[in-house]
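**Q** Residue numbers (my numbering), protein chains in the order written: chain A, 1 to 352; chain B, 353 to 623.
For the record, the hints were derived by calculation from the structure and aren't laboratory data.
One thing to keep in mind: the hints can contain errors.
As the list claims (entries may be wrong) - Computed, partial: chain A to chain B, Cβ under 10 Å:
1) T47
2) A50
3) E78
4) E237
5) R240
6) Q250
7) R252
Quick caveat: nothing in here was measured; it's all calculated off a predicted structure.
Backbone N, C-alpha and C fix where the C-beta goes; we use that ideal spot for every residue, glycine too.
In case you want the letters, here they are:
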Amino acid sequence: MTTTVTPTPPASVEPQTPWSTSRASRVRSSSILLIAGVVAVVVVLFTGVAGIDGWAITFFGLSLVIAVTRTARIGPKERKDALMRVVITSAAVTAFVPWLSIFGAVILKGYSGARVNYFTQDMRTTVPDDFLEFGGALHAIVGSLLMVAIATVITLPLGILSGIYLTEVRGRLTFLVRFVVQSMSGVPSIVAGLFIYATYVYSTQSFSALAGSLALAVLMLPTVARTAEEVLKLVPEDLRSAGYALGARQWRTALMVVIPTVRSGLTTAAILGIARVIGETAPLLLTSLSNTTLRFNPVDGPIASLPTYIFGYLQIGTEFAIARAWTGSLVLLVIVLILFTLARRFGGKDKR
Amino acid sequence: MTDVSSTSSTATAEPPVFAGLETRGAHAWFSKHHALADISLKFPVRTVTGLIGPSGCGKSTFIRLLNRMHEFIPGAAMAGEVLHNGQDIYAPSVDAAEVRLKIGMVFQKPNPFPAMTIRENVLSGIKLAHLKRANHDDIVESCLTRAGLWKEARDRLGASGGSLSGGQQQRLCIARSLAVEPEVLLMDEPCSALDPGSTLRIEETIKELAEKITVVIVTHNMQQASRVSDFCAFFLTEGGPGHLVEADATRKIFTNPSDPRTADYVQGKFG
Numbered sequence: 001m002t003t004t005v006t007p008t009p010p011a012s013v014e015p016q017t018p019w020s021t022s023r024a025s026r027v028r029s030s031s032i033l034l035i036a037g038v039v040a041v042v043v044v045l046f047t048g049v050a051g052i053d054g055w056a057i058t059f060f061g062l063s064l065v066i067a068v069t070r071t072a073r074i075g076p077k078e079r080k081d082a083l084m085r086v087v088i089t090s091a092a093v094t095a096f097v098p099w100l101s102i103f104g105a106v107i108l109k110g111y112s113g114a115r116v117n118y119f120t121q122d123m124r125t126t127v128p129d130d131f132l133e134f135g136g137a138l139h140a141i142v143g144s145l146l147m148v149a150i151a152t153v154i155t156l157p158l159g160i161l162s163g164i165y166l167t168e169v170r171g172r173l174t175f176l177v178r179f180v181v182q183s184m185s186g187v188p189s190i191v192a193g194l195f196i197y198a199t200y201v202y203s204t205q206s207f208s209a210l211a212g213s214l215a216l217a218v219l220m221l222p223t224v225a226r227t228a229e230e231v232l233k234l235v236p237e238d239l240r241s242a243g244y245a246l247g248a249r250q251w252r253t254a255l256m257v258v259i260p261t262v263r264s265g266l267t268t269a270a271i272l273g274i275a276r277v278i279g280e281t282a283p284l285l286l287t288s289l290s291n292t293t294l295r296f297n298p299v300d301g302p303i304a305s306l307p308t309y310i311f312g313y314l315q316i317g318t319e320f321a322i323a324r325a326w327t328g329s330l331v332l333l334v335i336v337l338i339l340f341t342l343a344r345r346f347g348g349k350d351k352r
Numbered sequence: 353m354t355d356v357s358s359t360s361s362t363a364t365a366e367p368p369v370f371a372g373l374e375t376r377g378a379h380a381w382f383s384k385h386h387a388l389a390d391i392s393l394k395f396p397v398r399t400v401t402g403l404i405g406p407s408g409c410g411k412s413t414f415i416r417l418l419n420r421m422h423e424f425i426p427g428a429a430m431a432g433e434v435l436h437n438g439q440d441i442y443a444p445s446v447d448a449a450e451v452r453l454k455i456g457m458v459f460q461k462p463n464p465f466p467a468m469t470i471r472e473n474v475l476s477g478i479k480l481a482h483l484k485r486a487n488h489d490d491i492v493e494s495c496l497t498r499a500g501l502w503k504e505a506r507d508r509l510g511a512s513g514g515s516l517s518g519g520q521q522q523r524l525c526i527a528r529s530l531a532v533e534p535e536v537l538l539m540d541e542p543c544s545a546l547d548p549g550s551t552l553r554i555e556e557t558i559k560e561l562a563e564k565i566t567v568v569i570v571t572h573n574m575q576q577a578s579r580v581s582d583f584c585a586f587f588l589t590e591g592g593p594g595h596l597v598e599a600d601a602t603r604k605i606f607t608n609p610s611d612p613r614t615a616d617y618v619q620g621k622f623g
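Extracted from the complex, chain B is given alone in its bound form (with noise of 0.2 Å):
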């Protein structure tokens, strides 16, 4: 377990700052339950990393501690630091929200608003943010496209977003995350409840993505883990709380791990 306080001063003031997402020794608790543990990880700026696992690991624990959505659940606790770009996000100095705004989330389920159409819904982080932003047809447009959804989407921007497939609406929830400029995105097993071809398209969506932010995501889908990430981590729980037992490229994980049971995981013998 790392004490907070005695390492965070020293931690911001190491020269060269890592620019990107890092984790150092983080651990998560649900009340009494550690579901964590000692999880240090580095997540460098334009590349995709891939969280895999089996299921109960605490790979959405993990990705929920990287922008502070943990929090949220009653008798939720951490320890340990998470630093973008150096600074510790779990700072008393720092402002949650402003740590959600840079670094954004795209959940399992898709959670277009309701109340709202396709294309209030691409520009609610701005409104919901206060952000000042002018151009907003671009925005809507630039979003869209690089959710790879304009296309389905551009005769309809006045329908409500729930009136979209499951697939589409997932893309929309992506354009929604984009458009307040994330310098991280967070995607939670973003394709579990998608068909192949939504999937394909969400898949190229994200590689589209690495070559300007930085992408961590969840996935139950090995295949799509090769195929998306340039770093993988892979997670493990064997009866107490989840921790990490290899993380590396991706290229690596697949075809040569270190650790026998990383090699049993990705060839799909337990799981």
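Next comes chain A alone, as it looks inside the complex (with noise of 0.2 Å):
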């Protein structure tokens, strides 16, 4: 043995990556697409082809034909392959564009329309086609939060104590409670609605935040649920041995190691089901209707909310109505995302 181990590399040595791709076959793909771009710009100018889905058909057959006459020399293989690399990236660019549009139609239209004052005040004294400058959507953006907290803690103990009955406790109902939450998970959303408002608004004769959550809830329920149940069947069996071989009662072990342990799976359960409800019409007409006054008492009549304040004033359909929409569409897809990167930034800390 008489090979030495050398201390430390050289310093000239640079850490490498062979096997990506190089800087200038990057760059001559993606000239070779410019050039495609352009080309069927031309093409879209010239000739009967017209419109962006022309220029998108035209650039998808110059970039098939590109394809096949770049790997021709190389071989039946490295063509096939050239071939499905571009139609899968045409599918994925194609599935994307609806996405994109909704967003930036959103957006768009949306911030040209807000204010200061859009945050700051309600619609008490204001009439829908007032200028911009006067009213906002406070209220109903006060109302939504109102609505999905309540209708959140409500169904977040009872999604999570379904999740625990159906992985730990797994007692002789296992099969009802599934087949129940499944149920549940198919009914329209109008229907959710319906039925509180047969129950709970018709006896107590008034619309009310309360009935909304109460709606929100019935629809929240499945999806919390299941997701609790498939995020609680992660935790390894040896986790739970563990706590019963240290003394532990069942409900302490699945309280003290099962759901501390899947804490951020829990957290995903509650905002996919605050993302199933959020944007929910249809139960909050028959349930928490709406109206034009900042309002906090949940059980103080009607209240507004982002989506029936989208709703009605889409209904009105004067200029300055359907403005207000639109940055209500803006501010509920703003919602959407601060509540999931707030989640993901806290419910996601594990101690490591």
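Using the supplied hints, reconstruct the complex from the two chains, each of which is provided in its own coordinate frame.
**A** What follows is the structure in structure tokens.
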């Protein structure tokens, strides 16, 4: 054994990634695509092919031709690979277009109607087609947050408990609980609204935020419960065994070992539930309706929410009313984004 | 097969009560599969007993029978008696959680609680079982010391249990089971995933533990069995359910066993 181990690598060695494509070939590929794009523009300008869709089809055809000619000399396998790459990339871009178009429209149209007073005022002294410098959607924003908060407070414990029943207790009613949860997830949202209308709203003779929350809770529960079940299933059996072997009872093990282990997953369950209901309009029209005044009391008559606000002002149909509705849509998107970011930040924080 | 109902009342009345753990005619089933037949063994206080035998002979099943972990497997069944200080742990009046509090277990795979820090892991048993203990700091230090982890972990008690190496995690699991002060510690191949250094540390820990409590250890490592145990029990399956071939002092099992199959196994001729 005379080989000596070099203590440190010489300073001239640089970290490299020989497996990635070189800069030169990337530049070549993208410039060819750029030329194809320009050629497609020329085709659209000087032939019968017209519009953005005409451009996209021409560009797609050109890309296919280029892919075939570039790989023609290498071999049939490479040609197939290049063709499939073009087809798959195009499919991905096509799938992305509607998403981008929706977001683009909401951001552009919503932003142009946004004013500071939109977030500080309600509509109690403003008519819908007043100038955008007057009135706002504070009451709808508060209403939405209030109802989603109450719905979350109702469904999160119920959802987690049913998940625990299905994965930890595994009692005799497992089949029934799973069946009910699954069929609940198929309930149309208007039916959930009607259910609360027939039971709660009818008996109290009043629309209210609480009624809206209950309807949202009906829709939210199956999402939360199923996600919680899936997440709790991921907890390794060893951890439960370890808990039991320390002399812990089942509920202590579930509460102190199983749930903390999947805290971030349970946060995801809550997020998915909120995402499911925050844009719901139909059930709210039957339960919380809408109003024009900022209100915090959940049992004090009808209350506005962003979806019903958007729905109402689009119905009015005048220029400024529609602008208010678009801004409402943007605010709804931003609220969802903020909620997701917050939940990822705080729910996903594991002690590592 | 022993009839539980007819013997349990007389067994507890017999003076003097055997101090430690004892099985009488213990059987175990997984659904229809008869995994273990008629095991009668005694584990006296302050001794280490090694359970040896080839894979699939029912050692792990047997050790899980000793603190009622067997019943968590769906379709599991048992027969016979398991007595701890003369009390049948399967008697209807006995609370399984209380049994597991007195008869702790260390598993084959290290399983520290990932959502807890090292300190919280050590104290987890106390919290889980609602025990009243005042001096938490002392418990953490003494348990980690006894498990041979204190020196490595004392500066990072706030780190996650999952941040330790495999061997350290297993020692953390041992510290965790010591914190609830069990009277018996069952260890199911505690060193099978560990490097020789960690294995040695854990073997030292086992010897120290045996000065106070009863230890039962399943091991596939013959050297380990001869190093740590006072008594050995050799299990075997020959087609049917696993059964006990021979149980005796470790020295006798390894030098002059009475059954030729034991001799073949400890000399490495099969298994």
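**Q** Each hint should be assessed against the structure and marked as holding or not.
**A** Going through the hints against the structure:
1. T47: violated, 63 Å
2. A50: violated, 60 Å
3. E78: violated, 45 Å
4. E237: holds, 9 Å
5. R240: This interface hint holds because 8 Å falls under the 10 Å limit.
6. Q250: holds, 9 Å
7. R252: holds, 5 Å
Comparing the model with each earlier hint shows violations of hints 1, 2, 3; every other hint is respected.
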